[in-house]
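So the protein sequences, as listed, match chains E and P. Okay, so the first sequence: first residue is 24 according to the numbering used here, each after it adds one. Okay, so the second sequence: first residue is 6 according to the numbering used here, each after it adds one.
Honestly, the hints are just simulated from the structure, not real lab data. These numbers were taken from a predicted model, which means no experiment stands behind them. Virtual Cβ for every residue (Gly too), placed ideally from N, Cα, C. There's no promise every hint is true.
When the alpha-carbon atoms are kept at most 25 Å apart in a straight line, the in silico DMTMM-like pairs for lysine to aspartate or glutamate are as follows [to be verified]:
hint: 1; chain 1: E; residue 1: K35; chain 2: P; residue 2: E96
hint: 2; chain 1: E; residue 1: K35; chain 2: P; residue 2: E135
hint: 3; chain 1: P; residue 1: K79; chain 2: E; residue 2: E267
hint: 4; chain 1: E; residue 1: K35; chain 2: P; residue 2: E101
hint: 5; chain 1: P; residue 1: K160; chain 2: P; residue 2: E76
hint: 6; chain 1: P; residue 1: K79; chain 2: E; residue 2: E112
hint: 7; chain 1: E; residue 1: K35; chain 2: P; residue 2: E265
hint: 8; chain 1: E; residue 1: K44; chain 2: P; residue 2: D185
hint: 9; chain 1: E; residue 1: K262; chain 2: P; residue 2: E101
hint: 10; chain 1: P; residue 1: K75; chain 2: E; residue 2: E25
hint: 11; chain 1: P; residue 1: K79; chain 2: E; residue 2: E25
hint: 12; chain 1: P; residue 1: K251; chain 2: P; residue 2: E265
hint: 13; chain 1: P; residue 1: K75; chain 2: E; residue 2: E180
hint: 14; chain 1: P; residue 1: K75; chain 2: E; residue 2: E112
hint: 15; chain 1: E; residue 1: K35; chain 2: P; residue 2: D119
hint: 16; chain 1: E; residue 1: K176; chain 2: P; residue 2: E96
hint: 17; chain 1: E; residue 1: K44; chain 2: E; residue 2: E97
hint: 18; chain 1: P; residue 1: K251; chain 2: P; residue 2: D276
hint: 19; chain 1: P; residue 1: K160; chain 2: E; residue 2: E25
hint: 20; chain 1: P; residue 1: K115; chain 2: E; residue 2: E26
hint: 21; chain 1: E; residue 1: K44; chain 2: P; residue 2: D276
hint: 22; chain 1: E; residue 1: K262; chain 2: P; residue 2: E76
hint: 23; chain 1: E; residue 1: K261; chain 2: P; residue 2: E76
hint: 24; chain 1: P; residue 1: K115; chain 2: E; residue 2: E267
hint: 25; chain 1: E; residue 1: K44; chain 2: P; residue 2: E265
So the derived list for chain P, only partly shown, Cβ under 8 Å to chain E, looks like this [said to hold, decoys possible]:
hint: 26; residue: V56
hint: 27; residue: Y71
hint: 28; residue: L74
hint: 29; residue: V78
hint: 30; residue: Q82
hint: 31; residue: L86
hint: 32; residue: T90
hint: 33; residue: G95
hint: 34; residue: T98
hint: 35; residue: L109
hint: 36; residue: G111
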Amino acid sequence: MEEIRKAYFIAKKDMGAYYLKPPLISWGLMLPIVFVLAFYFRNPMGIKEVIPGLIGLTLLFSSTSMAAIVITFEKRIGALERLLLAPLEIRTILFGKALGSTVFGLVITLVVTIFLLPIIGLSIHHPFSFFLTTILSGIAFSLLGILISVGVKEVFEAMTMSNFFRFPMIFLCGVFFPVPEMPYPLPILSYLLPLTYTVDGLKHCLSEDKGIIPLHLDLLILLGFVFLLFGLSLSIFKKRIRQEF
Amino acid sequence: MNLIIRVNDLTKSYGPTLAVDHLSFDVKEGEIFGFLGPNGAGKTTTIRMMVGLTQPSSGTAFINGYDILKEPVKVKQTIGLVPETSNLYGELTSLENLIYQAELYGVARKERKDRALQLLEEFGLKEHQEKPFQKLSRGLKRRLTIATALIHHPKILFLDEPTTGLDVMSARGLRKLILDSKKKGLTIFLTTHYIPEAESLCDRIAIIVKGKIRIIDTPQNIKSLVKEMEILEIGLDRIPDPLKNKLLSLDGIEKILIDENRIRFHTKNIDQVTPSIIKLFEEQRVKMETINTLSPSLEDAFVRLTGLDSDLMKIDKPMKAGPE
Chain E
24 MEEIRKAYFI AKKDMGAYYL KPPLISWGLM LPIVFVLAFY FRNPMGIKEV IPGLIGLTLL
84 FSSTSMAAIV ITFEKRIGAL ERLLLAPLEI RTILFGKALG STVFGLVITL VVTIFLLPII
144 GLSIHHPFSF FLTTILSGIA FSLLGILISV GVKEVFEAMT MSNFFRFPMI FLCGVFFPVP
204 EMPYPLPILS YLLPLTYTVD GLKHCLSEDK GIIPLHLDLL ILLGFVFLLF GLSLSIFKKR
264 IRQEF
Chain P
6 MNLIIRVNDL TKSYGPTLAV DHLSFDVKEG EIFGFLGPNG AGKTTTIRMM VGLTQPSSGT
66 AFINGYDILK EPVKVKQTIG LVPETSNLYG ELTSLENLIY QAELYGVARK ERKDRALQLL
126 EEFGLKEHQE KPFQKLSRGL KRRLTIATAL IHHPKILFLD EPTTGLDVMS ARGLRKLILD
186 SKKKGLTIFL TTHYIPEAES LCDRIAIIVK GKIRIIDTPQ NIKSLVKEME ILEIGLDRIP
246 DPLKNKLLSL DGIEKILIDE NRIRFHTKNI DQVTPSIIKL FEEQRVKMET INTLSPSLED
306 AFVRLTGLDS DLMKIDKPMK AGPE
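The following block holds chain P by itself, in its conformation from the complex:
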């Protein structure tokens, strides 16, 4: 596969703060490449530099062969960006927004309306074509923003946190649209802080923390890094406060993740630790409701690789003021 994005030593600092720290990576044509990391990791700053919205402090990137520093207009002609906040024009209808975008991107006059109608159809927005953008639901706004980014047939689509703030059904529908776009040959670069989203959508993932890439690989290969890890998940009727510390003091337990009344134990020897865990529960008079052994997930690999609590990845960024 051809390399359609090449990033060389891309860096951005704001005063003494290094937001993006000498990143280098490639993206292959036709793949979905994901930037996975917590809020503040530098994902959006990286995307903004790559699309020409933010000036890098040093380094550069080549998008479809064009240098982002020397040929920004050609780069922009080749890409579509869907920012985290859907920022179309509230007063214009769905159709008008698409046609305006087509005008700005130099789509031929006779093709503009046909292309706009085609995208409205593909994105399930046909019945909303005469509705002003500001009257659409958040999920529909997101769809229209993606459709707008595709109006000029870009080769690469950048999606910044595409499903943030959407309800479950809208997010699922959007993920299907993203996969459908990939099938049509589009290269997709997306950022997300949802680990399952990265796992289900991306061909390759770069895990980024504090402006640095920790690993780039397929989700399968990243998970295989923790294949020796065994996971025991136990559901309890309640979890008393002192329990976690007592569990951590048991031999053979690497990490504990608590999600409501379920506890996940990361260990290298499940047979060794299970009896002592059960004994501790009995002493604490907590009742076990379920017990399962699990294969390591991408979330487990993420936790191991970054040392971060996976709960951190469940926190959404505060939404910016805007038409969304």
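Looking at chain E on its own, in the form it has when it is part of the complex:
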């Protein structure tokens, strides 16, 4: 319980200190909004088909960008050392960092969703599943952002590295093109990426689309990604600390 409370303090501080950092505003806020607006102005009616993908994309970019900021920025100024010096387990630090990034991602995503759905005439069919999908996805994306960021020193390096993963996901995870219609072997890659299950889960919650797999499977797989990415991030984080400190 004490460790959870300390993770909350880390997240609270990150939210207060980093929400207005320029790289976060450009990559975590502006880019997803630009995507949404571009699609809306191009075809206001057609945006309905891609709205689950755009919401998933907003969550991906906002969560991973915040994770990249909270890790690399603190490494650069030496503040990460303060956390390592505090009486905290490494997993608490990691959990706190992921929590702050997830909350940021969820806030941005909810604002975009609340703003967009009434305009295009969509509603959330399964609110509980919608929140569960976005929360699990937000945690998975934040951990992915941390996993990518622990190995680099500068914020711009973390953003560049993140884009190696994020941009292919835009095309591979069913955001714009349905996964089953992709040429072989691309669907295999798609099924290895968490955004695929976010988009599929959101399709269940926001449209009549039955998705490629049942909703409960999307949620289970996302939960699996959370555990997998937490384990991987923790292991790499510990390894990097041993190397760098």
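We have chain E; now place chain P onto it with these hints.
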């Protein structure tokens, strides 16, 4: 006095380079213990191993009875560290930084703000409590970093080069704060490359060079090792280039230290060497402006013990990028 720090055979190597070479020493509760050595001697690496930031290659240390390898979280609860670079959060105010640190160290909620305000008062930061850390001067940043390290009432405070990069007044103020903290019962372990700082602050000093401890003792006892040494200090109007070599060739002179237009001669017989020095000055047509005999200082003992030029100790490490 109880031993609050026990270091056993602590070693750190980076590939073939031995940064810390099998160090063993103890620190008594309530004392100020100084690690004195030039840059690159292994002082910071030793501190980082002791506080759990760097994994030792071999050996261990016990901090307040806790093994740094087996109980790192308990060790961290018991200590405060002030690193060489003040690394608080630039966006947070002085008060917010203190409260955040209190949260991380598990200070009870009702005590956090009171403790933070008390430290701001003690460290002369009250009027800066709402200022973001990044807007503070270097001296104030240093004070706040020390105050932050004390938020959870640690038993031991580690200070890594506490006054490096500070102006004279800030450094003096900080030294007073360090002595005040000792009076309150805190054990202080500090590293420094400023010999006068070590002499004025520390109860005991370990002189460390190339990862090895040369001596551990009180400043007085270390100075007494060179008590047979006599020192003549002469101020000149100028020091021509060839003069030093000619002076060194004189009989009875052990070492010469030149600081601007002053020359210090280390000798065992001041009466024997003085006439020949004066004669040489006359031959070289340099004018003597002052002449003094001095007692050996800690600097003289350091030079004798390590064989290093004391000028080496006046070089600051390049500052790391950071909020400082």
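Notebook entry, point to check: Given the hinted pair E/K35 and P/E101, is their alpha-carbon gap at most 25 Å?
Noted result: Distance of about 12 Å is within 25 Å: holds.
Notebook entry, point to check: E/K176 and P/E96: Cα distance at most 25 Å?
Noted result: holds, 20 Å
Next item on the list: Please work out if P/K79 and E/E112 have their alpha carbons no farther apart than 25 Å.
Entry: Roughly 11 Å between the alpha carbons, so the hint for P/K79 and E/E112 holds.
Check: Given the hinted pair P/K160 and P/E76, is their alpha-carbon gap at most 25 Å?
Finding: holds, 16 Å
Notebook entry, point to check: Holds or violated: P/K115 with E/E267, Cα cutoff 25 Å?
Noted result: violated, 37 Å
Margin query: What's the verdict on P/K75 and E/E25, does the C-alpha distance respect the 25 Å limit or exceed it?
Written below: holds, 21 Å
Notebook entry, point to check: Taking 8 Å as the limit, does the beta-carbon of P/T90 come near enough to a beta-carbon in chain E?
Noted result: holds, 6 Å
Notebook entry, point to check: CA of E/K35 to CA of P/E265, is that 25 Å or under?
Noted result: Violated, because 54 Å separates the two Cα atoms, which is more than 25 Å.
Next item on the list: Could you grab the alpha-carbon distance between E/K44 and P/D276 and see if it respects the 25 Å cut-off?
Entry: violated, 70 Å
Check: How about P/L109: closest beta carbon in chain E under 8 Å, or not?
Finding: The hint holds - P/L109 has a Cβ within 8 Å of chain E, the shortest such distance being about 4 Å.
Check: Was the hint right that P/V78 lines chain E, CB cutoff 8 Å?
Finding: Cβ of P/V78 sits 5 Å from chain E, so the hint holds.
Next item on the list: Starting from P/K160, check that the Cα of E/E25 is at most 25 Å away, please.
Entry: Judged against 25 Å, a Cα distance of about 22 Å means the pair holds.
Comparing the model with each earlier hint shows violations of hints 7, 8, 9, 13, 21, 24, 25, 27, 28, 34; every other hint is respected.
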